[in-house]
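Here our numbering runs 29 ahead of the position in the sequence shown, where the first position is 1.
Treat the hints with care, as some may be off.
[Unchecked claim] Think about it this way: if two alpha-carbon atoms lie no more than 27 Å apart in a straight line, the pair counts; the simulated DSSO-like pairs of lysine-lysine are: (1) Lys399 <-> Lys325; (2) Lys345 <-> Lys294; (3) Lys403 <-> Lys322; (4) Lys332 <-> Lys403; (5) Lys371 <-> Lys381.
[Unchecked claim] Pair by pair, the computed Cβ-Cβ distance ranges are: (6) Lys116 <-> Pro314: 37 to 43 Å; (7) Ser271 <-> Gly359: 31 to 37 Å; (8) Gln311 <-> His464: 20 to 26 Å; (9) Pro365 <-> Asp181: 42 to 48 Å; (10) Thr409 <-> Arg468: 47 to 53 Å; (11) Lys120 <-> Tyr300: 27 to 33 Å.
Bear in mind the hints are in silico, worked out from the structure with no lab data behind them.
These numbers come from a predicted model, not from an experiment.
Ideal placement from N, C-alpha and C gives every residue a C-beta, glycine not left out.
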Amino acid sequence: MRVNSNTKARTRAAAGLTVAALAAGATAGAGPATAQPKAAPAAAAAAECSAAYRIEQKLSSGTTWRMCWRYDGKAGLVLENISYQPKGEPKQIKVLNSARLGQIHVPYDDGNIEYDDLTGFDFAQGLMNLAPGECPGGTIKTVKVPDSWNEDPNVKGLCTTTRSRGHAYRMQGDTANKVFQAQGKDLLVYTVNQVGWYEYMTEWRFQDDGAITMNVGATGSLSWDDYDAGDGRGWPIGKGASAKSTSHSHNAFWRLDFALDGSTKNKVEQYDSTVSAPTRGQRAPTTKTTRTKVTKELAGDSKNYRWWRMVSATGKNKDGHARSYEIVPGPTTKYPGRSYTKRDLYVTQYNKCELFASHNPGNCGPGAGKSVDKWVNGQTLTHPVVWMNIGFHHIARDEDQQPMPVHWQGFSIAPRDVTAMNPLTPAELGWQNGHWRPRR
Numbered sequence: 030m031r032v033n034s035n036t037k038a039r040t041r042a043a044a045g046l047t048v049a050a051l052a053a054g055a056t057a058g059a060g061p062a063t064a065q066p067k068a069a070p071a072a073a074a075a076a077e078c079s080a081a082y083r084i085e086q087k088l089s090s091g092t093t094w095r096m097c098w099r100y101d102g103k104a105g106l107v108l109e110n111i112s113y114q115p116k117g118e119p120k121q122i123k124v125l126n127s128a129r130l131g132q133i134h135v136p137y138d139d140g141n142i143e144y145d146d147l148t149g150f151d152f153a154q155g156l157m158n159l160a161p162g163e164c165p166g167g168t169i170k171t172v173k174v175p176d177s178w179n180e181d182p183n184v185k186g187l188c189t190t191t192r193s194r195g196h197a198y199r200m201q202g203d204t205a206n207k208v209f210q211a212q213g214k215d216l217l218v219y220t221v222n223q224v225g226w227y228e229y230m231t232e233w234r235f236q237d238d239g240a241i242t243m244n245v246g247a248t249g250s251l252s253w254d255d256y257d258a259g260d261g262r263g264w265p266i267g268k269g270a271s272a273k274s275t276s277h278s279h280n281a282f283w284r285l286d287f288a289l290d291g292s293t294k295n296k297v298e299q300y301d302s303t304v305s306a307p308t309r310g311q312r313a314p315t316t317k318t319t320r321t322k323v324t325k326e327l328a329g330d331s332k333n334y335r336w337w338r339m340v341s342a343t344g345k346n347k348d349g350h351a352r353s354y355e356i357v358p359g360p361t362t363k364y365p366g367r368s369y370t371k372r373d374l375y376v377t378q379y380n381k382c383e384l385f386a387s388h389n390p391g392n393c394g395p396g397a398g399k400s401v402d403k404w405v406n407g408q409t410l411t412h413p414v415v416w417m418n419i420g421f422h423h424i425a426r427d428e429d430q431q432p433m434p435v436h437w438q439g440f441s442i443a444p445r446d447v448t449a450m451n452p453l454t455p456a457e458l459g460w461q462n463g464h465w466r467p468r469r
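Produce the entire structure from the sequences given, and follow the hints as far as they go.
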């Protein structure tokens, strides 16, 4: 939680001093950062960025992820030219032109204040130095923060490492004498940014099965100066019920610019299933799934039995099926207080100035508006951009002090027909593709 509005300037200064103090201690001897490169062209391969801004990791299961990174003065970490190469594929498969946060909107329940942390509260300036123990087994890269408040703009603030995620699969054969199992591996890329009393962990997980999970974790501290909420707008923290910590929402937006197989001419599809009661002669209800081609900009809502996918216009897997990525929303508490937070997903036609979901600083033309909902105006989708909105309503509890445990919010994109089989399939099961029959 952060302090109330009349001490915003003081909070910003305090955050700047904290970052400066850490930078003075933790970056000593780290060496100078290389100059920040210009953003790579949209169609460039990951290998075209310089070594300092390249992330390439071959996981133990044989999957390789490649991408470039840069640091934006408002959005923070931006990942570009993201590609995936599972074992058995002769070349890398491009997935995204770019992936980054699109906003963190924080309205308070008492109606006195709300924040747009990326565009209004210097999220990017609050990049924190990471100690080696925070990036176990990995590498901490030095980031040059644009327009830094500090004398030294170089922050050891980007961790790239690998982590296990548990079972990737388990299957016991018919003869009960063979168990096929594998433990999944992820490439983890993350930063920590301090905004007021909060510290946001922006985490990207690239799985060896081709899925990408993006999360924001909020941790840090409850604000000592924000215990004046009334009943129904806060929760008593500490002795008795005299001091109530003000409740608030975190509405996190992500912006994904897809480029499946290197093309931005991706197609968007929505799938809805309906369940009907059994008719005479049926033993169970029936379920029918229908596809809707989304050809114009979309403001969409998640529902039971609804999902979306982004389909490649050019690439197919070895079975001849179009490659795609399915959008998998995470748990959310949708905030109805602002027009741009009333929908879970937006798909807009690419516009280089449409960068932040609310209070967008760019001038996108007459009548364009400053938020993502205003950009959904019927344009035909030839280069679709996905905006995902995941909300969390934070009602503080005694266990949130001190420090506050991380609370996560996020979503995933999962490969659908990117490869002909599970990319982690063991070789001895590789023949079981499609409608297979047991061998005799």
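- For the pair supplied as a hint, Lys345 and Lys294, is the alpha-carbon distance within the 27 Å limit? Within the cut-off at roughly 14 Å; holds.
- Query: Straight-line Cα separation of Lys332 and Lys403 no greater than 27 Å?
  - Reply: Given pair Lys332, Lys403 holds - Cα atoms ~23 Å apart, limit 27 Å.
- Query: Is the hinted range of 42 to 48 Å satisfied by the C-beta distance from Pro365 to Asp181?
  - Reply: The hint (42 to 48 Å, Cβ to Cβ) holds, given that Pro365 and Asp181 are roughly 44 Å apart.
- Given the hint that Lys399 pairs with Lys325, does the C-alpha gap stay at or below 27 Å? Holds, at roughly 20 Å.
- Query: Taking the beta carbons of Thr409 and Arg468, is their distance inside 47 to 53 Å?
  - Reply: holds (50 Å)
- Query: Between Lys371 and Lys381, does the CA-CA distance stay at or below 27 Å?
  - Reply: The given pair, whose Cα atoms are some 24 Å apart, holds under the 27 Å limit.
- Is the gap between the beta carbons of Gln311 and His464 within 20 to 26 Å? Once the Cβ atoms are compared, 25 Å apart, the range 20 to 26 Å for His464 and Gln311 holds.
- Message: Hint check: Lys403 vs Lys322, CA-CA at most 27 Å. Holds or violated?
- Response: Holds, at about 22 Å.
- Task: Confirm or reject the claim that Lys120 and Tyr300 have a C-beta distance inside 27 to 33 Å.
- Result: holds (29 Å)
- If you check the beta carbons of Lys116 and Pro314, does the distance land in 37 to 43 Å? holds (40 Å)
- Message: Between the beta carbons of Ser271 and Gly359, is the distance compatible with 31 to 37 Å?
- Response: holds (36 Å)
In this structure, every one of the numbered hints holds.
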